[in-house]
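**Q** Sequence:
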Amino acid sequence: MEEALVCLQPRELVETGRCWSDLPPDLLSVIASKIFFLAHCNFKLVCKSWNMTSPIPQPLPSSPVESPYFNSPCLMYSSWGNNSWKLFHSLYNQLYDLDCQELMDAEILFSKYGWLLMSRSDELDELITLFFFNPFTKQKIELPTTTSSFISACFTFPPTSPDCTVVGIFSGSTICTIDFGLLKIGEREWKSKSFKNDGYFIISSCPPLCCNGVYYCLDDKSREIYVFDPMEEYKWQWVRYNKYIETKVEGDIWGVFIIEDERRVSVKKLDSSQMCWIELETLGNKCLYVSSTGSFAETCIVDGMANIIYFNKFHGKSGVFYSLNSGMYHSVVGDFASKEGYRLAEVDFGTWIKPTV
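Per the UniProt record's numbering, residue 1 is the first one in the sequence shown, and the count goes up by one each step.
Do not rely on the hints blindly, as some may be mistaken.
[What the hints assert, rightly or not] Result set (BS3-like, lysine-lysine): computed pairs, CA atoms no more than 30 Å apart in a straight line:
(1) K339 <-> K138
(2) K138 <-> K317
(3) K193 <-> K269
(4) K140 <-> K191
No lab work stands behind these hints, which were simulated from the structure alone. Predicted model only: the values in this text are computed from it and were never measured.
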């Protein structure tokens, strides 16, 4: 059912020209709860009474997949000590509690298509349990166990698709070899493929990124890119930056580079033909959501959101984004702005995830 605001006052009272500051607080709270943070900043500037208005918190719907409030990526993270899970909505700057007992003692490897790829160690059997989990529908899909954990992993399609393939890099990789594990949904055993390592390549925990059937992996030390083709040999390309996150945007690979002690953030597009990076001056109508286990590019649906990057960082109780226009980190709520990001609180066990049908 669509929502609407109806005025029940007599016509002659409406036409007397009442001041906007005289609107009932309950009505102001309803209005404030329906607008995003940028519009909410302007809302609070109207007058003192509007500035003091608190929006009504949006309850977590029984089915976030069908809720307009969750039509954007949310940051899902756990408090590792007590296995509790939170869902942070960046547009409303609100936290929700999630009941995910299925994820107890499990680690997020990758997030995409509204699904989580999870890993859990069983010390008694010395086996690694792997499974897909949809935190919104509670659907769970078990995968064959392995005897070695993954440093990083990804999947190519939703796990409900027969075309879904899981690709991971085993922690058993050494300075001499790099060991990949591959599994197509429906298969009962993992396939492995090893490549010779010259000793200089140290695999990062940043997940591989699949583009046109090829997997792009990142070196943890020298920021070198490793291109893995399951059908062919691999090749190298040098990139030297302090911190780097990959994401796929409409068939292209974009890299988010965080350099100079997190004082500067730049976005580059990979030219796969020349194996070089091309710096982007603007994201166009896109905004990015980046974390080490799940990153997204979204077409902006709210004015003023383009050309910004959401990180898994917080300033107090407020989420944080980086604006390419200002070259600064900003809090979602409040007036925090800084060129430095290293003092911000960072969620270690979290990932961006978007509910999908």
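**Q** All the hints need checking, so say for each whether the structure fits it.
**A** Each hint, compared with the structure:
1. K339 <-> K138: violated, 40 Å
2. K138 <-> K317: holds, 28 Å
3. K193 <-> K269: The hint holds at about 29 Å.
4. K140 <-> K191: holds, 22 Å
Checked against the numbered hints above, the structure violates only hint 1.
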